[in-house]
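Student: Got chain C; can you put chain E on it based on the hints?
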Amino acid sequence: MSVEQPSPPRLQMRGITKRYPGVIANNRIDLDVKAGEIHALLGENGAGKTTLMNVLFGLAHPDEGEILIDGNPVRIADPADAISRGIGMVHQHFMLIPVLTVAENILLGAETMANPIFLDRNEARRRIIELGKRFGFEIDPDARVETLSVGWQQRVEILKALYRQARILVLDEPTAVLTPQETVEVFAVFRRLAAEGHSIIFISHKLYEVLEIADRITVIRRGEVVGTRQPAQTNEDDLAELMVGRRVKLAVDRGTSHPSEPVLTVENLRVRSDRGQDVVRGVSFNVRAGEILGIAGVAGNGQDELVEAITGLRRSIGGMAHLAGQNITGWSVRERREHGLGYVPGDRQKYGLILGFPISDNLILTRYYNSPFARGIQREDAAIEKWAQGTIEEFDIRTPSWAVPAGTLSGGNQQKVIVAREFSRDLKALVLDQPTRGLDVGSIEFIHKQAIRKRDAGTGILLVSAELDEILELSDRIAVMYRGEIVAIVDGPTANKEEIGLLMATGGRVPAEGPPPGMSGQAGAATDMPVKGATS
Amino acid sequence: MKARLKSYAGFGLVPALSILLALLVASVLIIASGLFGPEKKVDLLLPLVAYRSLLVGAFGSFKGIANMIVAATPLMLTGLAVGVGLKAGLFNIGATGQVLMGGFTAALVGVVVAGAPPWIAIPVAMLAGMLAGALAGFIPGFLKAYTGAHEVVTTIMLNALAQLTVSGLVNDVFRAPGFSFARTPPVGNAALTGVGGTTLHVGVIFAFVCIPISYWLLWRTTVGFEIRAVGANPTAALYAGMKPRRMMILTMSLCGAFAGLAGAVEILRLGYYPAVFGTSIGFDGITVALLGQANPVGILLSALLLGAMRAGAPLMQIQARVPVEIIDVIQGVILIFLAAEIVVRRIFRLRTEGVGAGELQTITRTYGEKVVGG
Numbered sequence: 006m007s008v009e010q011p012s013p014p015r016l017q018m019r020g021i022t023k024r025y026p027g028v029i030a031n032n033r034i035d036l037d038v039k040a041g042e043i044h045a046l047l048g049e050n051g052a053g054k055t056t057l058m059n060v061l062f063g064l065a066h067p068d069e070g071e072i073l074i075d076g077n078p079v080r081i082a083d084p085a086d087a088i089s090r091g092i093g094m095v096h097q098h099f100m101l102i103p104v105l106t107v108a109e110n111i112l113l114g115a116e117t118m119a120n121p122i123f124l125d126r127n128e129a130r131r132r133i134i135e136l137g138k139r140f141g142f143e144i145d146p147d148a149r150v151e152t153l154s155v156g157w158q159q160r161v162e163i164l165k166a167l168y169r170q171a172r173i174l175v176l177d178e179p180t181a182v183l184t185p186q187e188t189v190e191v192f193a194v195f196r197r198l199a200a201e202g203h204s205i206i207f208i209s210h211k212l213y214e215v216l217e218i219a220d221r222i223t224v225i226r227r228g229e230v231v232g233t234r235q236p237a238q239t240n241e242d243d244l245a246e247l248m249v250g251r252r253v254k255l256a257v258d259r260g261t262s263h264p265s266e267p268v269l270t271v272e273n274l275r276v277r278s279d280r281g282q283d284v285v286r287g288v289s290f291n292v293r294a295g296e297i298l299g300i301a302g303v304a305g306n307g308q309d310e311l312v313e314a315i316t317g318l319r320r321s322i323g324g325m326a327h328l329a330g331q332n333i334t335g336w337s338v339r340e341r342r343e344h345g346l347g348y349v350p351g352d353r354q355k356y357g358l359i360l361g362f363p364i365s366d367n368l369i370l371t372r373y374y375n376s377p378f379a380r381g382i383q384r385e386d387a388a389i390e391k392w393a394q395g396t397i398e399e400f401d402i403r404t405p406s407w408a409v410p411a412g413t414l415s416g417g418n419q420q421k422v423i424v425a426r427e428f429s430r431d432l433k434a435l436v437l438d439q440p441t442r443g444l445d446v447g448s449i450e451f452i453h454k455q456a457i458r459k460r461d462a463g464t465g466i467l468l469v470s471a472e473l474d475e476i477l478e479l480s481d482r483i484a485v486m487y488r489g490e491i492v493a494i495v496d497g498p499t500a501n502k503e504e505i506g507l508l509m510a511t512g513g514r515v516p517a518e519g520p521p522p523g524m525s526g527q528a529g530a531a532t533d534m535p536v537k538g539a540t541s
Numbered sequence: 007m008k009a010r011l012k013s014y015a016g017f018g019l020v021p022a023l024s025i026l027l028a029l030l031v032a033s034v035l036i037i038a039s040g041l042f043g044p045e046k047k048v049d050l051l052l053p054l055v056a057y058r059s060l061l062v063g064a065f066g067s068f069k070g071i072a073n074m075i076v077a078a079t080p081l082m083l084t085g086l087a088v089g090v091g092l093k094a095g096l097f098n099i100g101a102t103g104q105v106l107m108g109g110f111t112a113a114l115v116g117v118v119v120a121g122a123p124p125w126i127a128i129p130v131a132m133l134a135g136m137l138a139g140a141l142a143g144f145i146p147g148f149l150k151a152y153t154g155a156h157e158v159v160t161t162i163m164l165n166a167l168a169q170l171t172v173s174g175l176v177n178d179v180f181r182a183p184g185f186s187f188a189r190t191p192p193v194g195n196a197a198l199t200g201v202g203g204t205t206l207h208v209g210v211i212f213a214f215v216c217i218p219i220s221y222w223l224l225w226r227t228t229v230g231f232e233i234r235a236v237g238a239n240p241t242a243a244l245y246a247g248m249k250p251r252r253m254m255i256l257t258m259s260l261c262g263a264f265a266g267l268a269g270a271v272e273i274l275r276l277g278y279y280p281a282v283f284g285t286s287i288g289f290d291g292i293t294v295a296l297l298g299q300a301n302p303v304g305i306l307l308s309a310l311l312l313g314a315m316r317a318g319a320p321l322m323q324i325q326a327r328v329p330v331e332i333i334d335v336i337q338g339v340i341l342i343f344l345a346a347e348i349v350v351r352r353i354f355r356l357r358t359e360g361v362g363a364g365e366l367q368t369i370t371r372t373y374g375e376k377v378v379g380g
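Here the protein sequences come in this chain order: C and E.
Positions 6 to 541 (my numbering) are the ones given, in order, by the first sequence.
Positions 7 to 380 (my numbering) are the ones given, in order, by the second sequence.
Next comes chain C alone, as it looks inside the complex (with noise of 0.2 Å):
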């Protein structure tokens, strides 16, 4: 690929304008990609990424500019246009039908027919596994989708555009939804695509992934081009200066914790799953105020339940928790929040927001009934505007009204209001899960600011979180989960990221005698464990 050649480029984007009613989203952007070219879309949520390539794929008719492939101008109606110009895409959220074959899914709207009538699978199913071998992924054409992993729901995304022949291949935000290691397996896979000579627009406000993997790397502000880099010319803080516009401070400064007493006490805590199985096994720790507690683990390890458990979204089978000295194992929702425990979802569409409702009434959406945002049961609509017109102010939630529902706004301005709302209370403990999950650097700082924040003033804070890195960046103590139980709880400054990847990993033990699952009841397991710095 680094061979010049004299030919037009495989894709060029000239002056691509696309205006929706009070936004430009593309601003006469320009964009080319070479054969055998990784090349990085960078932005923020909201930069006009998304709006570029649906422009290139068909879904949007740009207002101004034009698309040139292999030097020859191109107007793409629709995405079956698209298609058969060669442009493939791969959403972040795969469009597969999971009872389906990987095979059948693959000729969905692109059949390979033996005749007027039937199918030919056999013919599919060999160049499906051809295709496999050639980029270094074999699969089995006639597994069910739904058994497959999410990686390889991804990879089966890929046949699927390579399959209708697509030689320039567009990622949205594909790593979003992998672990590490498939991250990288996935890698190795665009490398191989690319050195086929495809071409590949990959999106992504990663900042270390696109330096990567990336060829070059376009980054995006506000619907204009704001230079193009080369991973070798750049570094981290100057790809998050040209997305913000600012300088962005990617590690937070997060000055000394002042522990006093633990607000936040869980003991022997024993959690079933949905499916019935005992997925948080005996867990104990204690948050203090003053301090953030970091619970590190790969996705899946009881975190999710441990978190419910806490806040009261999911019965507890055994154990106990304490809220500032109350017991309150067995305690519903509301009563943990009003005695002083605020948590942010992981989910946020899903279990912190009401999408179709105002902002308005998604931040007094827990204390809706209290005053002043309520009377007896009449609600008070000009507290609650204006409660809400200081809050979006003081939390920096871009939106033209509080008005407007909460569904229009970017992800980072909808974990905003979510923040806003658990934050913007006292509190007593909190827990934060995933609090930054797909956001870009500018949010991502913004609430790492905000979490220390509130942990100055007094609050013991409980993170859960994947981003490994994110835990490391904020925790004063890391307790590591591993199938259901605290496998060890360390000092936060001074811990070692390798060594926690491996607890994570193992648990700190050969990973083949880990207890068979159903075995309960190992009471104090955080006790037992290899403990270094700090204990609880």
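Just so you know, the hints here were simulated from the structure itself, not pulled from any lab data.
Hints may contain errors.
Sample of chain C residues at the chain E side, in silico, Cβ under 8 Å [unchecked claim]: (1) R339; (2) R342; (3) G357; (4) G361; (5) L370; (6) I382.
Positions of the beta carbon are idealized from the N, C-alpha and C atoms, including for glycine.
Tutor: Quick look at chain E alone, frame taken from chain C:
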């Protein structure tokens, strides 16, 4: 405030266009109906004649307007019975059964208080009907909340149950002696009689009071906030510390109460419960609720529209010789266009982000979803 006003502008657009399309479709049928009339000819102006007489019939006289309001009264109530449910994410198909239960109970209690002065007898009988309807709504609400049984399935079954039980009782236990056909005894002073030589009766007041009360409840109270929150996102409601199960039961009972009141109004107007009380107001409530976008003000307007068509239909039949059944066709076609909102948006090239789409989603949402706790 500006943003809220703006959303109202787009609010009634799809319903209005659905009505327009339904009138166009009905025009074709009206023209075709001319072929079967006495003159057997195609008259392209016939729809205009028909619609004009429909309007004159409903609005041309004070009596017509009274008829329109009387016809709209039960529709308003059943519209609320469906519409308030939609706000909570529940699709109440059981208004019919709740109407029957309410009407029957009002008839029985009406007999008991038949001798009391009207200002006591009427409210007591109405209240009884309301309570019976609430009970009929409570059952599917409870089943949904605690067993996950889908309200569409249970209310359809309860409709049949209510129908058969009530007609069995009228034919046997509560049959009034001295009549050639099965019916309950007269309700005496509890009867809703017309005033001032029109069909207008005091029951109308009850319906017109329910509209602002519903609006106030849904949009101005914390209870309404909970109802809407549970409907829009039950998991977020749970997270916020609300009790989705309780809200489902409460809402279904409330819906039942509205339908029960509708039944009471219709039966007390008649003065007794007949052997067969065939009524479509329960199902018409679905059209009214959807046409009104599950909003009390919208429901008021939709009920008046359907009421006007009912009130104007007889004159249309006389003047244009178009059968009154065309009204059912128009109503049905309106419902089809509302349900197929996307078709209307295509035809008129409207943008797809719609207000009130959430209510329609309730109907198409997958069955068997797990009810969250609380």
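Student: All hints are to be evaluated individually against the structure, with a verdict given for each.
Tutor: Verification of the supplied hints:
{"no.": "1", "hint": "R339", "verdict": "holds (3 Å)"}
{"no.": "2", "hint": "R342", "verdict": "holds (6 Å)"}
{"no.": "3", "hint": "G357", "verdict": "holds (7 Å)"}
{"no.": "4", "hint": "G361", "verdict": "holds (5 Å)"}
{"no.": "5", "hint": "L370", "verdict": "holds (5 Å)"}
{"no.": "6", "hint": "I382", "verdict": "holds (5 Å)"}
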